[in-house]
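Residue 901 in this note's numbering sits at position 181 of the sequence shown; the count goes up by one each step and never skips.
Since the hints were made in silico from the structure, they are not lab data.
Because the structure is a prediction, the values reported are computed rather than measured.
Ideal Cβ positions, reconstructed from N, Cα and C, are used throughout, including at glycine.
There may be inaccurate statements among the hints.
[Unchecked claim] Label pairs and their computed distance ranges (CB to CB):
(1) 878 / 838: 11 to 21 Å
(2) 791 / 884: 17 to 27 Å
(3) 794 / 823: 46 to 56 Å
(4) 770 / 859: 34 to 44 Å
(5) 777 / 828: 38 to 48 Å
(6) 822 / 859: 20 to 30 Å
(7) 854 / 785: 15 to 25 Å
(8) 886 / 770: 33 to 43 Å
(9) 890 / 766: 17 to 27 Å
(10) 853 / 785: 16 to 26 Å
(11) 766 / 888: 26 to 36 Å
[Stated by the list, open to error] Taking lysine to any residue pairs in the SDA-like style, the calculated list, with each CA pair at most 25 Å apart, reads:
(12) 874 / 828
(13) 867 / 791
(14) 874 / 901
(15) 799 / 827
(16) 874 / 837
(17) 849 / 760
(18) 849 / 877
(19) 849 / 799
(20) 874 / 903
(21) 874 / 825
(22) 799 / 760
(23) 867 / 857
(24) 849 / 827
(25) 849 / 814
(26) 849 / 901
(27) 799 / 777
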Amino acid sequence: PPEGADPAGALAELERRLGPDPRQISLSSGRGNYQSRSARADAEGRFELRAAACSQVHALALDSDVCADHAVPGLELAKGELRTLDVTLELGATLRGTVQDDRGQALAGAEVRAAESAMWGFAAGARAKAEADANGRFVLEHVPAGKSLVLAEKDGYLTSAQLTVELVDREDRAGLVLELGRGASLS
721 PPEGADPAGA
731 LAELERRLGP
741 DPRQISLSSG
751 RGNYQSRSAR
761 ADAEGRFELR
771 AAACSQVHAL
781 ALDSDVCADH
791 AVPGLELAKG
801 ELRTLDVTLE
811 LGATLRGTVQ
821 DDRGQALAGA
831 EVRAAESAMW
841 GFAAGARAKA
851 EADANGRFVL
861 EHVPAGKSLV
871 LAEKDGYLTS
881 AQLTVELVDR
891 EDRAGLVLEL
901 GRGASLS
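Please build the complete structure, drawing on both the sequences and the hints.
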């Protein structure tokens, strides 16, 4: 949990939001024989993943609705090794703004996401998602610190231009405007 937060309360809230999903914490390896292991954190925030493949590079992913998601890449384990990891989750940043069309009218129902920058600067995956309300307003919560690309999409419109933002933990940034154009149509 974030600094100053009650760990038991944060985990109880996480349990309430996620329900019985055992995949809150996962360890995966994509090289050769793909393997995946998953676990849930207990009330103290502890977890254990067993039977991980040796001599492979693993990535540990921690997914949370009340904190920013976190990844620990590049884990290599030796046969019989017991590794203890201390991971501190951050609250993440909050992004607020509006989605509008090319005439400045609010666009309700547009999907807004903060994504990682992938190959050639394209947006990949979603660090956080939200839907624009009836007034075109959106709030993206628990966006991990660092560089993110923010964009919006809606059927019948072109995808917005990507906004590149550099964020710090607990930042609250407002005033983002994402514009969706109509483009051309074929029939």
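Cross-check of the supplied hints:
no.	hint	in the structure
1	878 / 838: 11 to 21 Å	holds, 20 Å
2	791 / 884: 17 to 27 Å	holds, 20 Å
3	794 / 823: 46 to 56 Å	holds, 48 Å
4	770 / 859: 34 to 44 Å	holds, 38 Å
5	777 / 828: 38 to 48 Å	holds, 44 Å
6	822 / 859: 20 to 30 Å	holds, 23 Å
7	854 / 785: 15 to 25 Å	holds, 24 Å
8	886 / 770: 33 to 43 Å	holds, 38 Å
9	890 / 766: 17 to 27 Å	holds, 25 Å
10	853 / 785: 16 to 26 Å	holds, 19 Å
11	766 / 888: 26 to 36 Å	holds, 28 Å
12	874 / 828	holds, 9 Å
13	867 / 791	holds, 15 Å
14	874 / 901	holds, 10 Å
15	799 / 827	violated, 55 Å
16	874 / 837	holds, 21 Å
17	849 / 760	holds, 23 Å
18	849 / 877	holds, 18 Å
19	849 / 799	violated, 39 Å
20	874 / 903	holds, 13 Å
21	874 / 825	holds, 14 Å
22	799 / 760	holds, 23 Å
23	867 / 857	holds, 22 Å
24	849 / 827	holds, 16 Å
25	849 / 814	holds, 11 Å
26	849 / 901	holds, 20 Å
27	799 / 777	holds, 13 Å
Hint check: violations occur at hints 15, 19; the rest are consistent with the structure.
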